[in-house]
Amino acid sequence: MSSTVAAVRSRRRTGGATLGLLAWLAGIVFFLPIAWMALTSFHSEEDAATNPPSFAASLTLDGYREFFGAGGGASPWPALTNSVVASVASTLFVLLLALPAAYALSIRPVKKWTDVLFFFLSTKMLPVVAGLLPLYLFAKNTGLLDNIWLLVILYTSMNLPIAVWMMQSFLAEVPVAIIEAARVDGARLPTVLARVVAPIALPGIAATSLICFIFSWNELLFARVLTGVVAETAPVFLTGFITSQGLFLAKVCAASLVISLPVLAAGFAAQDKLVQGLSLGAVK
Amino acid sequence: MTATTTAPVAAPDVSTRPRQPSARLRAWATRAPLLPALIFMIVVTQLPFVATLVISFFDWNALYPDARHFAGLANYGDVLTDPDLRKSVWTTILLTVAVVLASLVLGLALALLLDRRFKGRGVVRTLLIAPFLVVPVAAALLWKHVLYNPEYGLLNGLLHYVGGPQPDWISNTPLLAVELSLIWQWTPFMMLILLAGLQSRDQQQIEAARVDGAGDWQIFVHLTLPHLRRYLELGALLGSIYIVQNFDAVFTITSGGLGTANLPYTVYQSFYQAHENGLASAAGVLVVIGSIIIATFALRVVSSLFREEVGRA
Numbered sequence: 001m002s003s004t005v006a007a008v009r010s011r012r013r014t015g016g017a018t019l020g021l022l023a024w025l026a027g028i029v030f031f032l033p034i035a036w037m038a039l040t041s042f043h044s045e046e047d048a049a050t051n052p053p054s055f056a057a058s059l060t061l062d063g064y065r066e067f068f069g070a071g072g073g074a075s076p077w078p079a080l081t082n083s084v085v086a087s088v089a090s091t092l093f094v095l096l097l098a099l100p101a102a103y104a105l106s107i108r109p110v111k112k113w114t115d116v117l118f119f120f121l122s123t124k125m126l127p128v129v130a131g132l133l134p135l136y137l138f139a140k141n142t143g144l145l146d147n148i149w150l151l152v153i154l155y156t157s158m159n160l161p162i163a164v165w166m167m168q169s170f171l172a173e174v175p176v177a178i179i180e181a182a183r184v185d186g187a188r189l190p191t192v193l194a195r196v197v198a199p200i201a202l203p204g205i206a207a208t209s210l211i212c213f214i215f216s217w218n219e220l221l222f223a224r225v226l227t228g229v230v231a232e233t234a235p236v237f238l239t240g241f242i243t244s245q246g247l248f249l250a251k252v253c254a255a256s257l258v259i260s261l262p263v264l265a266a267g268f269a270a271q272d273k274l275v276q277g278l279s280l281g282a283v284k
Numbered sequence: 001m002t003a004t005t006t007a008p009v010a011a012p013d014v015s016t017r018p019r020q021p022s023a024r025l026r027a028w029a030t031r032a033p034l035l036p037a038l039i040f041m042i043v044v045t046q047l048p049f050v051a052t053l054v055i056s057f058f059d060w061n062a063l064y065p066d067a068r069h070f071a072g073l074a075n076y077g078d079v080l081t082d083p084d085l086r087k088s089v090w091t092t093i094l095l096t097v098a099v100v101l102a103s104l105v106l107g108l109a110l111a112l113l114l115d116r117r118f119k120g121r122g123v124v125r126t127l128l129i130a131p132f133l134v135v136p137v138a139a140a141l142l143w144k145h146v147l148y149n150p151e152y153g154l155l156n157g158l159l160h161y162v163g164g165p166q167p168d169w170i171s172n173t174p175l176l177a178v179e180l181s182l183i184w185q186w187t188p189f190m191m192l193i194l195l196a197g198l199q200s201r202d203q204q205q206i207e208a209a210r211v212d213g214a215g216d217w218q219i220f221v222h223l224t225l226p227h228l229r230r231y232l233e234l235g236a237l238l239g240s241i242y243i244v245q246n247f248d249a250v251f252t253i254t255s256g257g258l259g260t261a262n263l264p265y266t267v268y269q270s271f272y273q274a275h276e277n278g279l280a281s282a283a284g285v286l287v288v289i290g291s292i293i294i295a296t297f298a299l300r301v302v303s304s305l306f307r308e309e310v311g312r313a
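So the protein sequences, as listed, match chains W and Y.
For the first sequence, the numbering used here gives the first residue as 1, with consecutive numbering after it.
For the second sequence, the numbering used here gives the first residue as 1, with consecutive numbering after it.
Hints listed in this document are in silico derivations from the structure and should not be mistaken for laboratory results.
From a predicted model like this one, the values you see are computed outputs, not experimental measurements.
Incorrect hints may have been included.
To be verified - Quick partial rundown of chain Y residues pointing at chain W, CB under 10 Å, derived from the structure:
#, residue
1, 57
2, 68
3, 69
4, 97
5, 101
6, 105
7, 109
8, 129
9, 135
10, 137
11, 143
12, 149
13, 292
14, 302
Yeah, the Cβ is synthetic: ideal placement off N, Cα and C, and Gly gets one too.
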């Protein structure tokens, strides 16, 4: 009896080891394009464009120098600055609008608060192309075309539903009893918010901000249609990056990596709450 | 506790007894924090859509603004009969279904692998999430130039080692090329949702089934899959909502050529390049109708998960 149990256990253990190996293999396969992108970005253009691929070619920073305009190309800094402004400002606006809304949907809920919550969610399901043309015509007629602040407003509307949902679920985790107790002890609302609610909800608020930042940073369609020379963002810059006829692989890899770095950093920082944000708070 | 529950209950009385302004005031004070966000959303998202709806009934080419006139449903007729536009409807469906299904199946396999304990699980999880965290345009460029390039792309480079063929991926199978890059980006998303589903399983129930002699496969089919059903639905629906709208990959990898133009790209092209405002709006409205159909189901799934969470709390 005990020997069969041991046999089953050891079979399960070797099975587990195989599956662990399989998981590692899958992880490597999925990561390979990114690893290759990183390696290529440090190769010279000649070494980047060989078949079979040159894995062990000497490393150089030329791709990065080219990307930052050393070869006479356009400097990426205006586009990067625009992206930072659009992402950071829209995230701040989102917080400003979403925090009070989430408060009114969780800690002191209004009547029919679930209906309101679902209204926010339904706006997220309205595709971007639904309003693109009127927004374009509006921007053209009011002189807001190629103005970064128009993108800030649109990115705020793009992220607000997600933020309201996430923050609602984070604020709902604050026990009502603690708030009541603080109130009974004579604490005023600002004090309750700062001393009781904030410490519990802060990690969630931080994760929400990072996710809003990612979505704004990635956005292409609005930026492509509504900006031009002045307000161009990093993704738009990237689409217009390949104009030369020569070799450009290392340059493109360097550019893609630099522009993705903020998203990779924000994504890994918000890893634990990523699912909750992406599933609009439905999955915890 | 009583203080918070009595306030909303007292509110309905206000309408019958208007002499109590303080209660009404209090109800508005409760609503006030909500209003800025609500008004902002209505103005920025709903008004433009209403405008799209109105424009969709006009024959309006931006290059001939004087010839603008009311055309009734003519644009919808054009969209539905124009072979190019019809094709883009079909392409949108094909692209969305293929990407969602493939990334769901792959995501499920990866989630199951990650649900067990093994050495370096955290590292593998990080490696697997990374594709989702590459800027979509950058990911599309990466696939187009660095992987698919027929002369020096990595795919043909690796095929070279095993003496395989050297296909021109994008020219031969353009839609598949776009789909593969999207599957690579969206599999991590599905994996994360399904992993969360797996980890919310009732472990005691599984142990009990194991004690009763159920094998791994039986447990998977009879316990795990039914539990995962709603997570699978949620992943499929959210994935559909995002991928129906995809613009970045189509725009970057094929520029809508070779039969890969989906509806968002067609809408973009018909007003940004062809200046056909009325036609573009009609196509946009059709995308919205499609999204509403998907969204109705999505909202139902989210709301059932949501009520369960609220019920549990």
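Taking the hints in turn, this is what the structure says about them:
For residue 57 (chain Y), the suggested interface contact is broken, since its CB lies about 13 Å from the closest CB of chain W, more than 10 Å. With its C-beta approaching chain W no nearer than about 12 Å, residue 68 (chain Y) sits outside the 10 Å limit, and its interface hint is violated. A distance limit of 10 Å between C-beta atoms decides the matter here; for residue 69 (chain Y) the minimum to chain W is near 17 Å, and the interface restraint is violated. Because the closest C-beta pair between residue 97 (chain Y) and chain W is about 17 Å apart, greater than 10 Å, the hint is violated.
Because the beta carbon of residue 101 (chain Y) sits about 18 Å from the nearest beta carbon in chain W, more than 10 Å, this interface hint is broken. For the restraint placing residue 105 (chain Y) at the interface with chain W, the shortest Cβ-Cβ distance is roughly 13 Å, beyond the 10 Å limit, so the hint is violated. At its closest, the beta carbon of residue 109 (chain Y) sits 8 Å from a beta carbon of chain W; the interface hint therefore holds under the 10 Å criterion. Look at residue 129 (chain Y): its Cβ gets to within about 7 Å of chain W, closer than 10 Å, so that hint holds up.
Here the hint on residue 135 (chain Y) is kept, as its CB sits about 5 Å from the closest CB of chain W, short of 10 Å. Evaluation of the residue 137 (chain Y) hint against chain W yields a held restraint, the C-beta minimum of about 4 Å falling below 10 Å. About 7 Å separates the beta-carbon of residue 143 (chain Y) from the nearest beta-carbon of chain W, less than 10 Å, and the hint is met. The interface hint given for residue 149 (chain Y) is met, as the beta carbon of that residue sits about 8 Å from the closest beta carbon of chain W, less than 10 Å.
At its closest, the beta carbon of residue 292 (chain Y) sits 7 Å from a beta carbon of chain W; the interface hint therefore holds under the 10 Å criterion. Taking 10 Å as the C-beta cut-off, the interface hint given for residue 302 (chain Y) holds, the closest approach to chain W being about 5 Å.
Of the numbered hints stated above, those contradicted by the structure are hints 1, 2, 3, 4, 5, 6, listed in ascending order.
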